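Visitor: Residue-level listing of the chains:
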Amino acid sequence: MNETRLAIEAIDVARSFGGVRALTAGNLAARFGEVHGLVGENGAGKSTLIKILGGVIKPDSGVVQFDSEDVTDSIATAARAHRVGMVFQELTLFPWMTVAENLFAERAPRGASRLIQRRKLVTLAEEVLERYDVRGIDPRALAGSLPLAQRQIVEITGAFMREPRIIFLDEPTSALAENDVAWLFGLVRKLRDAGAAILFTSHRWNEVASLADRITILRNGEHVATRERFDEDEAVTLMTGRTIDRMSPDKPAPAGDAEVVLEAEELRDDVLDGVSFKLRRGEILGVGGLAGQGQGELFMSLFGARRTSRGQISVRGRRARLRKPADAIRKGLAIALVPEDRKTEGLMLPMSVRANLTLAVLEQVARGGVIRPWREKATVAKAVERLQIKTRDAALQPVGTLSGGNQQKVLIGRWLLTQPDVLLLFDITRGVDVGTKHDIYQLVVELAQEGKALLYYSSETEEIAQLCNRVLVMREGRVVAELDRTADAESIVAASVSVVPRA
Amino acid sequence: MIEPGVTVELGSARTSRQLRDGFAQNVPLTLALTILAALSALYIGLFHGQLHTYPGVFEWTSIVNTAMPTVLVAVGQSIVVVTRGIDLSLGGIIDVSNSLAAVHMHSSLGSMAVWSGIVLLFGMLCGTVNGLLVAYARLQPILVTLATLAILQGLAIKILPKPGGSIPEGYSNALANPGGPWSIFYVVAIAGLWLVLRRTATGFRIFALGNDEYAARAHGIQVRRVKTIAYALAGTLAAASGLFLAATTTGGDAAAGDVYVLTSIAAVVLGGVSFFGGRGSALGSIAGAFTLTILTNVLFFAGIDSLYQSFFQGLFLFVAVLLGSFLGYLLRRRR
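Protein sequence lines, in the order shown, are assigned to chains A and B.
Note that this note's numbering gives residue 335 to position 335 of the first sequence, counting from 1, and the numbers run on in steps of one.
In this note's numbering, each residue's number is its place in the second sequence (first place is 1) plus 503.
Derived from the structure by calculation, the hints contain no laboratory data.
Only a predicted model underlies this, so the values are computations on that prediction, with no experimental measurement involved.
Worth double-checking, as some hints may not be accurate.
Quick look at which bits of chain A chain B covers, simulated, 3 or more residues with Cβ under 8 Å [what the hints assert, rightly or not]:
1) 93-102
2) 109-118
Covered stretches of chain B, as calculated for chain A (at least 3 residues, CB under 8 Å) [unchecked claim]:
3) 642-648
4) 697-703
5) 721-727
Think about it this way: if two alpha-carbon atoms lie no more than 20 Å apart in a straight line, the pair counts; the simulated SDA-like pairs of lysine to any residue are [said to hold, decoys possible]:
6) K278(A) with E482(A)
7) K120(A) with L700(B)
8) K58(A) with R701(B)
9) K278(A) with D439(A)
10) K120(A) with A704(B)
11) K58(A) with V726(B)
12) K120(A) with T533(B)
13) K58(A) with Y717(B)
14) K120(A) with R702(B)
15) K324(A) with L642(B)
16) K324(A) with Y832(B)
17) K58(A) with R720(B)
18) K120(A) with V699(B)
19) K120(A) with T703(B)
20) K120(A) with R701(B)
21) K58(A) with E90(A)
We put the CB at the ideal spot given by N, CA and C, even for glycine.
Hey, can you work out the whole structure from these sequences and the hints?
Guide: What follows is the structure, given as structure tokens:
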């Protein structure tokens with residue numbers, strides 16, 4: 001049978017970046033007719049391996065084979081010849097071009113005069129979107145005007161419509177809502193049944209476990225194991241090299257009659273539709289619901305980064321006018337926000353860990369406008385210690401060279417230095433590996449125990465269920481349900497979708 | 504269970520957003536044309552106020568012929584700006600083209616054709632060199648073209664040390680006929696060529712790489728080659744601009760092109776082509792070129808001392824750009 005033929009094989013592939021060995025023994029073999037899951041912590045070398053296989057970066061050593069043919073020296077060309085499709089974390093969309101132009105790009109229909117036929121392009125794009133069951137995206141819309149999830153859907157559709165024989169999907173679900181994930185899995189299974197090989201990475205273990213026919217685990221740039229099934233604890237142990245008994249720590253005791261530090265009353269604007277809640281000291285208040293139901297807008301409004309036309313925000317019982325982030329910071333609010341386009345906001349990637357950490361508290365470490373290095377050093381050392389940021393040298397290492405999880409820790413660390421009462425945590429674990437996730441959960445619970453108030457959004461419902469004392473479920477800019485600490489992922493999801501939508 | 508499928512926005516919100524997007528896409532072009540129309544009206548008004556008659560064939564001819572070199576170089580500059588670059592050397596190419604034509608062109612048809620060809624090829628060559636340095640040597644466009652600008656200026660002085668030379672009358676009449684605004688034909692032609700370019704593979708690639716070079720590469724576009732082509736096109740258009748300038752002035756001047764370094768950029772700015780690359784239309788830049796030409800006339804009829812002309816030109820540019828960004832702000836706020 002064809003199906004047992006090897007589609008992709010990597011043998012001892014290695015690659016270093018400026019002295020850092022990202023991949024030392026990348027070994028992997030995926031068959032045609034198989035969904036192959038590739039898992040490991042951030043920094044385990046998954047992305048490096050998948051990018052080498054896709055021909056985006058070159059290996060230092062090792063062998064890469066497509067369909068049992070050695071293609072090591074010309075992977076990029078071979079990828080085209082073997083019809084290899086790719087969806088990587090960096091989207092390849094042209095923001096100021098339409099969805100149709102993006103889908104077809106170099107394959108746009110041309111007439112006898114060799115000119116691009118615009119109307120036909122739109123019709124063809126409509127057909128493609130229909131065929132792949134994509135609803136609600138207009139082929140004439142500019143790609144850059146779509147929300148991130150839809151952009152990801154366009155990217156995925158673009159890869160699948162080329163009917164690849166081998167496809168690499170690197171974290172394709174990180175930006176997707178749960179119903180979109182189901183859609184993607186449908187496409188993947190269909191492609192597999194048609195005999196293609198799919199290589200797939202995800203930080204969400206459930207996804208890998210449910211989708212993959214076989215799973216390869218990488219750790220520290222090395223192949224650890226490949227099998228059909230792992231149970232979760234075993235997989236986590238293999239990925240981290242240590243035993244993590246439970247994914248999330250115990251929920252802290254409910255706040256009860258603790259002081260209300262943040263209160264929102266009837267927040268309204270073009271997205272929010274009358275959001276009210278109270279947040280108490282020591283509480284972790286979850287904000288759930290399907291992606292894009294106004295959660296991001298709520299966080300930005302609370303942080304003064306968005307004009308909320310109506311409604312009232314009170315901090316520690318006093319009415320606060322938050323017209324810009326500086327107002328919010330002064331009132332003791334802090335936000336750790338992983339923007340939808342990770343790496344575009346928040347951190348200054350080429351600058352050092354130290355500079356990034358002290359950015360918001362420069363006046364604490366400076367006198368007369370001049371930074372006093374010893375003071376800065378002490379402040380930074382404390383933060384690095386507390387958050388367990390893994391850095392070679394905080395003063396020198398650019399933040400951009402840290403792993404994703406450690407970048408997130410720097411972002412949180414910066415705001416902790418401002419000693420806030422309220423922390424707005426927006427999807428801080430997105431794209432973060434299990435080990436770091438565990439550290440972050442631990443930290444969140446500790447902060448609550450110290451008496452800070454936390455508002456917590458995550459694109460993973462499971463995480464909200466495990467971590468939060470109370471959960472607000474949002475839909476179409478409104479809070480449609482408030483669940484107590486016994487809420488589990490299923491009840492949150494049920495509340496997210498059970499409301500009858502407006503006509 | 505959650506239904507598979509894709510998140511759908513509510514219908515009405517979606518359509519109105521699309522309308523806005525469609526409009527937002529064309530705002531810069533619409534604005535450029537509006538500014539041109541408003542300024543033309545002002546010109547006609549002032550003209551009538553002073554001379555109690557309307558601008559006639561002579562005036563319109565003069566405007567079209569004066570604008571023509573700016574139109575050509577502005578279209579070239581637009582192509583480069585769409586790739587996220589900038590080309591300062593276009594002014595230098597005009598210098599050399601203008602001088603070459605004034606020194607060498609004779610009144611025989613053969614000479615006119617041959618020297619036009621040589622000049623255009625020369626412009627293409629200069630553009631290609633710029634493009635190679637930017638795309639393959641990965642130098643900053645502004646540095647590369649600043650250097651080539653100086654080199655070309657020196658070369659032009661060598662070719663034509665003192666203003667002079669001559670352009671055959673037939674050539675002048677063909678390109679910049681003083682008897683009527685026939686050159687508008689060339690404006691229409693260049694606008695048409697631009698619309699065709701937008702629909703060719705090369706045009707798509709130029710815009711694609713201006714949108715996102717990484718994405719362009721991922722789609723198999725040969726980014727460096729396309730970039731070089733963009734600079735070569737711009738160089739060719741600058742050379743054509745030099746020829747038109749020679750035809751209009753019926754002579755040569757080694758420094759005649761210098762002013763176009765900034766005028767071409769100003770026209771692109773007025774035309775609303777984004778300096779972040781990947782969007783905008785050269786049609787806007789053409790409107791911008793006319794706007795700048797008419798502005799000179801407006802300032803003249805407004806009785807402004809020619810010494811202060813550049814002061815008011817700057818002020819005008821400033822207001823136009825502010826207006827554009829204010830409109831953009833209004834549109835964004837409404838989303």
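Visitor: Would you mind confirming whether the straight-line C-alpha gap from K278(A) to E482(A) stays at or under 20 Å?
Guide: Within the cut-off at roughly 12 Å; holds.
Visitor: Are K120(A) and T533(B) close enough, with their CA atoms no more than 20 Å apart?
Guide: violated (26 Å)
Visitor: Within the assertion that chain B covers the stretch 93-102 of chain A, do at least three residues meet a Cβ-to-Cβ distance smaller than 8 Å?
Guide: holds (count 6)
Visitor: Verify the coverage statement for the stretch 697-703 of chain B against chain A, using a C-beta to C-beta distance below 8 Å and requiring 3 or more qualifying residues.
Guide: holds (count 3)
Visitor: Between K58(A) and Y717(B), does the CA-CA distance stay at or below 20 Å?
Guide: At roughly 16 Å apart (the allowed maximum being 20 Å), Y717(B) and K58(A) satisfy the hint.
Visitor: Check whether the Cα positions of K120(A) and R701(B) lie no farther apart than 20 Å.
Guide: holds (16 Å)
Visitor: Is it true that the CA of K120(A) sits at most 20 Å from the CA of R702(B)?
Guide: holds (13 Å)
Visitor: Verify the proposed pairing of K278(A) with D439(A), using a straight-line Cα cut of 20 Å.
Guide: With Cα atoms ~27 Å apart, K278(A) and D439(A) exceed 20 Å; violated.
Visitor: Quick check: do three or more residues in the stretch 642-648 of chain B have a beta carbon closer than 8 Å to a beta carbon of chain A?
Guide: Violated: only 0 residues of the stretch 642-648 of chain B have a Cβ under 8 Å from chain A.
Visitor: Would you check chain B against the stretch 109-118 of chain A, counting CB to CB pairs closer than 8 Å, and say if three or more residues qualify?
Guide: holds (count 5)
Visitor: Below or equal to 20 Å on CA atoms is what counts here, so check K324(A) against L642(B).
Guide: Violated, because 39 Å separates the two Cα atoms, which is more than 20 Å.
Visitor: Could you grab the alpha-carbon distance between K58(A) and R701(B) and see if it respects the 20 Å cut-off?
Guide: With a Cα-Cα distance of about 35 Å, the restraint between K58(A) and R701(B) is violated, given a limit of 20 Å.
In terms of the numbered hints stated before, the structure departs from hints 3, 8, 9, 12 and 15, listed from lowest to highest.
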